[in-house]
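Peer 1: Could you put together the complete structure from these sequences and hints?
As given, the protein sequences belong to chains A and B, one line each in that order. Residue 45 in our numbering sits at position 45 of the first sequence, and the numbers go up by one each step. Residue 1479 in our numbering sits at position 479 of the second sequence, and the numbers go up by one each step.
Hints are not guaranteed to be accurate.
Dumping the calculated DSSO-like pairs for lysine-lysine here, alpha-carbon to alpha-carbon at most 30 Å [stated by the list, open to error]:
1) B:Lys1573 - A:Lys14
2) B:Lys1573 - A:Lys79
3) A:Lys77 - A:Lys154
4) B:Lys1127 - A:Lys111
5) A:Lys111 - B:Lys1096
Treat the hints as calculated values from the structure; they're not laboratory data. Predicted model, so just to flag it, every value in this text is computed and none were measured.
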Amino acid sequence: MDNKSAFHGSAEQKARLTAVIEESRSTPGCLMHVLQEAQGIYGYLPIEVQTMIAEGLGISLSEVYGVATFYSQFSLKPKGKHRISVCLGTACYVKGSDKILAEVEKQLGIKCGECTEDGLFSIDSCRCVGACGLAPVMMIDEEVYGRLKPESVKEILDKYREAK
Amino acid sequence: MEKMVNLKINGISVTVPEGTTILQAARKAHIEIPTLCFLKDVSCAGSCRMCVVEATGARGLVAACVYPVAEGMEVRTNTDKCRRSRKMTLELFLSKHKKKCLSCERNHNCELQKLSLGYSVDEDRFKGEDFVLPIDLSTPYVVRDNDKCINCMRCVAACRKQHVNAIGPIGRGFNVHIGSAFDRPLSESPCVGCGQCIVACPVGALSENSTVDEVWDALGDGTKKVVFFTAPSVRATLGEAFDMPIGTNVEGKMVAAIRRLNPYAVFNMDVTADLTIMEEASELINRIKTNKPMPMFTSCCPAWIKFVEQTYPEFIPQLSTCKSPQQMFGALLKSYWCEKHGIDPKTLYVVSVIPCTAKKYECKREQMAGDVDAAITTRELARMIKTAGIKFNELPDEEFDNPFATASGAGTIFGATGGVMEAALRTAAHMLDGNFEVLDFFAVRGTQPIKEATYLVAGHTLRVAVTSGLENARTLLESIKSGAKKYDFVEIMACPGGCVNGGGQPTLSDSIRNSVELKEARAKALYTSDVHNELRRSADSPVMDVLYDEFLGFPNSHKAHEILHTSYKENKKI
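Peer 2: Next up, the structure:
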């Protein structure tokens, strides 16, 4: 679970998280909520953020980490500027979305769940975006790309690279 | 009045209070239901499914450890359905269990092994994904081999019970494993090294970081003089490793067994427990007379010290500066004793036998490293005795070697919660008032969470408190911090019940721990020894006279400070 890139949290982010902790700490079982808010603020949950939560809520870091690693929605790794989400739901899968995911991974040189070194892209998989008619599908940020073929992946990614 | 419930278990009528679980009720009917994740006073997760039984009114099998009884209920614990379910559960555990039983230190003392045999499992029925998780060897106190772990969570529950929370479950589903936050090595976690996780483990996933091989090497090295000394509580528990009843005092056989390992000498650590009292009682009186911040806290327990340094550094100035008996002994042997006998301290190899895993860390603390070369647990000593082919149960009773043989009963009771306090009170009260003759301080004995007492001695009011288990320690510290409680002297031991229940003591299976009051039974052996000892006060021990006359001068002298006292420093960990 090593997170290679250094943590860059701003004072403003810290103030927001502190406020969330303050308003939640008296509610039993608030940890998941706080983690969710923290991920909204920072984009992911590195050790620095989880430590702030543990100290703020007066619980141990191991407890925070246990919950953070139990739910797949929580990410311990930073997300890219552009978040790629390849659908591995049933319809997309039978239409070969595993090959789409493999191609995205190959193009970017990272694995699903990781972020490129320049911070431009991160890859995740998801289960159904409700566009089964367009299978196989992937999303980049809020944009949906359908009827994908492995050959078309590079061209799509290039659009974002150029827009950088 | 408690409402009673009538039920039948395997056809036998039982009457138990409402709210009793099926597991407890079954014990009353002399029926044992197998358990794995359940451990009295520690863990009750209801998750392992070993204790499943059939009960009328329930759908499917229920977990007896958490399922409450009901009026008219009929329970069947031993049906084909139950047995098949348990067998399947065991086979699933074994699907990803590293089955290196032959060399496992829990071989013949493993709950999984015992149950697997009982249920005639096929250990290879399911082939799980081969997981190879790293073995955590980062600390001198606890080694974790997660490939042997069955995720019963008893270690996590023990750690939570201690309010240390150094470990927890990580991940989900098949990937779940137990570890420290961010999968960091245990050395970077807030673990205090108490070892309660080890004695809670049903299998061989947790053990001490053994130094037995180093001790064997030293024993075989002709240029070294190997000296052993044994902590007070070891005599009360070592017999368990040789199938003796819990609470048997095996002091004589223990000395005889160690002597047959062929060391240069076998000494009694109760002597430096006495010495600790001489120093600590003097320190306490000095603090009272000079109006230093109170209370003063005992400092014999290294896990407690580590806990203060990490979690409550504000109390560091109130810790007694006395080294623990282990460290006093090491320091004394390598100075006074070597000097007296013309031995080069470099050739002396000091082995302490302790009920504790944190002592393995203590002897490596930078403030006093080198005084004790190896600290081995009661379990490790038992293993050495077995390896050496010594027939422990047949040994004669032998005596410790002089000059560190004779100790007071006060030194012996160090091994039980309240023992250090009582020992200190016996001597401190007598130092303050030579006519003070009380020797038994019953209020500080026993396993209640927090014990308090007030004594009036020579015009001084001594308010004392004793606790064990870091959960209770936290409660006590918070009440002191908030000003709700005021004391002059506080004894804290990290392990519930004190050293008799230490993390280095023989590991007993759940079927024993769930039915015996372990802490009380072991402590009784020490208090019985105390009562039968002619010397009840540390200050009355002739060995103390010799040590102070020949070497140390007087308690808290400059020399005593140099050799017998230490310092602490903040080390915050989360």
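Peer 1: If a hint holds in the structure, say so; if it doesn't, say that too.
Peer 2: The hints, checked one at a time:
1. The suggested pairing of Lys1573 (chain B) with Lys14 (chain A) holds, with an alpha-carbon distance near 21 Å, which does not exceed 30 Å.
2. A hinted pair counts as satisfied when its Cα atoms are at most 30 Å apart, and Lys1573 (chain B) with Lys79 (chain A) qualifies at roughly 29 Å.
3. Between Lys77 (chain A) and Lys154 (chain A), the direct Cα distance comes to roughly 24 Å. Compliance with the 30 Å bound is thereby established for this hinted pair.
4. Among the hinted pairs, Lys1127 (chain B) with Lys111 (chain A) is consistent with the structure: their alpha-carbon atoms are about 28 Å apart, no more than 30 Å.
5. Of the pairs offered as hints, the one joining Lys111 (chain A) and Lys1096 (chain B) holds, with about 26 Å between alpha carbons and a cut-off of 30 Å not exceeded.
When held up to the earlier numbered hints, the structure conflicts with none and fits them all.
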